[in-house]
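With chain A held as given, fit chain B onto it using these hints.
Protein sequences, first through last, are from chains A and B. Everything in the first sequence is counted per my numbering, starting at 1 for the first residue and increasing by one. Everything in the second sequence is counted per my numbering, starting at 1 for the first residue and increasing by one.
Hints were generated in silico from the structure; no laboratory data involved. Accuracy of the hints is not assured; some may be wrong.
To be verified - Pair ranges (Cβ atoms, derived):
| id | chain 1 | residue 1 | chain 2 | residue 2 | range |
| --- | --- | --- | --- | --- | --- |
| 1 | B | G120 | A | D65 | 49 to 59 Å |
| 2 | A | S82 | B | Q57 | 44 to 54 Å |
| 3 | B | H217 | A | V84 | 41 to 51 Å |
| 4 | A | S82 | B | R277 | 33 to 43 Å |
| 5 | A | V84 | B | R383 | 44 to 54 Å |
| 6 | B | Q83 | A | D65 | 31 to 41 Å |
| 7 | A | V84 | B | K353 | 41 to 51 Å |
| 8 | B | C218 | A | S82 | 21 to 31 Å |
| 9 | B | T7 | A | D65 | 17 to 27 Å |
Claimed, not checked - Short derived list, chain A residues pointing at chain B, Cβ under 10 Å:
| id | residue |
| --- | --- |
| 10 | L50 |
| 11 | H68 |
| 12 | V70 |
| 13 | V73 |
| 14 | I79 |
| 15 | V84 |
Ideal Cβ positions, reconstructed from N, Cα and C, are used throughout, including at glycine.
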Amino acid sequence: MMLSKGLKRKREEEEEEKEALAVDAWWLDPSHPAVAQAPPAVASSSLFDLSVLKLHHSLRQSEPDLRHLVLVVNTLRRIQASMVPTASLPPVPSVPAAPGMADNLLASSDAALSASMASLLEDLSHIEGLSQAPQPLADEGPPGRPTGGAPPGLGALDLLGPATGCLLDDGLEGLFEDIDTSMYDSELWAPASEGLKPGPEDGPVKEQAPELDEAELDYLMDVLVGTQALERPPGPGR
Amino acid sequence: VGGRGGTDIISTVEFNHTGELLATGDKGGRVVIFQREPESKNTPHSQGEYDVYSTFQSHEPEFDYLKSLEIEEKINKIKWLPQQNAAHSLLSTNDKTIKLWKITERDKRPEGYNLKDEEGKLKDLSTVTSLQVPVLKPMDLMVEVSPRRVFANGHTYHINSISVNSDCETYMSADDLRINLWHLAITDRSFNIVDIKPANMEDLTEVITASEFHPHHCNLFVYSSSKGSLRLCDMRAAALCDKHSKLFEEPEDPSNRSFFSEIISSVSDVKFSHSGRYMLTRDYLTVKVWDLNMEARPIETYQVHDYLRSKLCSLYENDCIFDKFECAWNGSDSVIMTGAYNNFFRMFDRNTKRDVTLEASRESSKPRAVLKPRRVCAGGKRRRDDISVDSLDFTKKILHTAWHPAENIIAIAATNNLYIFQDKVSSEMH
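Chain A on its own, in the form it takes in the complex (with noise of 0.2 Å):
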């Protein structure tokens, strides 16, 4: 598995991983048979997650990288839009077949997921407005606007953190906590020796928090590989 929490290894203890790196990476060659016939939803899977991973990873810190965060979220974008599939999601017993419904619970799935990360980034517009550093303002004259004092940073930790509530298991309950405990609650942050998150093989991971918000980001992805019930219908709770 090529999941990992970002942290850099040297060329060599990739060796190993060789192996993987080419599994993994067959999904961009047009020529291997595999690709083909494979859903490509199964096949960047293994990618999304992973930027999934990054994505949560970057809004975790108290001043994100703007840069790295755009970055992470326009990639993800593209492989979400790869993954749109023409024919058909893994087989799964309650998956309709009708492409109709499988784009549209992937534009729905999409719209979540832009509004869930629009969320985040108004989040992070709102806070600029926080803490005004009293300065004059700049004479008429000189061209241009001035900025007088322009609000500092990004990101009191205690907003944002709640703020990607819903991207992790607790929803909104994390915005009222003192200590945002989510990071430990999520299994999203299970211990490397554990493994990484559960794929959406091994069941939605929401069955252990019944509160949680219907357009988070780990329903997308159950819905997305067709794992979770689908006539289950969207709306709070369970």
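Just chain B now, with coordinates in the frame of chain A:
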């Protein structure tokens, strides 16, 4: 010299306009300035070498109590001001605050005060019977550094570039979303000249990655983006330069398209040529030369380490794909240089189209030794001293390099070591 927690990792390197001084900034907020010793007639073969001239703490870690955030003291960039008197001045910046430092020499001190004794204590006036004129006596050279300006609270996001205008009165600072114009003498206000922050942050798809003023035209500047585009802006055209005068963008190569296309196209550095006619950009796999008169595509593209193209997934996983390499022109704009992994750095001769890979390491760099060209073998026939792609050390990255403005002297920062190479004869190119 090892430091606690890597605080002596060099984060920026910059020659001054004559090349006499070389400044480095590090992760611990320190600036070290090296000075080139004048060539001695006694040892004509020993061209002036660089010795430590001054060391000072430029930035300290700060804690923003309101937002519970620590502001890193790491020096992101240093830029020298053109020298206008005996003193030297430079701008240094961390993520949020830019500082103007003045560096002066003192090699004389006055002696023979009337009212003070040698230690500076006031004399008993009754003992003063005659007046004397204090005289200046030589003393050991002392380099004094003092902060002259602090330009704070101008940036919400992280500053990635500063650039001094050719008018020598203003400079600009760029963060992820905005570029501000400052007057060097005024610290309590700046003017926003570029703002790419979208009304809704959910629409954010692009950030500013680097920016620089044109070396001769004080109204022109360029900024690069995470999507690989360059925007040349004219401050005379509008007070707000959100609308570019020219947009330089190369269409994506469909045969090389992958999920990582955008990430590897993100420009990590942009530098005008000394002539002012070209721009040099660095993205993850290439360096490109752009002609200011041609927006559609670069006029030259050089592959830095194309053997990494098939490893992008792995490099994405370990975040190396996000590494930001700098690039540099030589004084005559005929050779360009950039860093790579495994402490390798690359030089490309624009005229002969030859290139060379060199290594910055203690083992291969004894004083006055000639650097041996290196080669990375990506499969196929392997020569004896070749390094295979799979044994490259990705923790050893040359992100920061600088070239003397006139001579073939280069400064290479390899993690916490600084290498200065002087070229006597043209290196072998292959």
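Cross-check of the supplied hints:
Between G120(B) and D65(A) the beta carbons are some 51 Å apart, a value that agrees with the proposed interval 49 to 59 Å. Against the hinted window of 44 to 54 Å, the Cβ-Cβ separation of S82(A) and Q57(B) comes to about 50 Å, which satisfies the hint. Here the CB-CB span from H217(B) to V84(A) is close to 48 Å, well matched to the stated 41 to 51 Å. For the pair S82(A) and R277(B), the supplied restraint of 33 to 43 Å holds, since their beta-carbon distance comes to about 41 Å.
Checked against the hint of 44 to 54 Å, the C-beta distance between V84(A) and R383(B) comes to roughly 47 Å, which is consistent with it. Distance hint check: the CB atoms of Q83(B) and D65(A) are about 35 Å apart, consistent with the given range 31 to 41 Å. V84(A) and K353(B) have their C-beta atoms about 44 Å apart, which keeps the hinted 41 to 51 Å range intact. Distance hint check for C218(B) and S82(A): the Cβ-Cβ separation is about 46 Å, which falls outside the suggested range of 21 to 31 Å.
For T7(B) and D65(A), the hinted distance range of 17 to 27 Å is satisfied, since their beta carbons lie about 20 Å from each other. Annotation: interface hint on L50(A) holds; nearest CB of chain B at approximately 6 Å, less than 10 Å. At a threshold of 10 Å, the smallest CB-CB gap from H68(A) to chain B is about 6 Å, leaving the interface hint in force. With a cut of 10 Å, the hint placing V70(A) at the interface with chain B holds, because the nearest CB-to-CB distance is about 5 Å.
This hint holds: V73(A) has a C-beta 8 Å from the nearest C-beta of chain B, less than the 10 Å allowed. Annotation: interface hint on I79(A) holds; nearest CB of chain B at approximately 6 Å, less than 10 Å. For V84(A), the interface hint is violated, the least distance from its beta-carbon to any beta-carbon of chain B being 14 Å, above 10 Å.
The structure does not agree with the numbered hints 8 and 15 stated previously, though it agrees with the rest.
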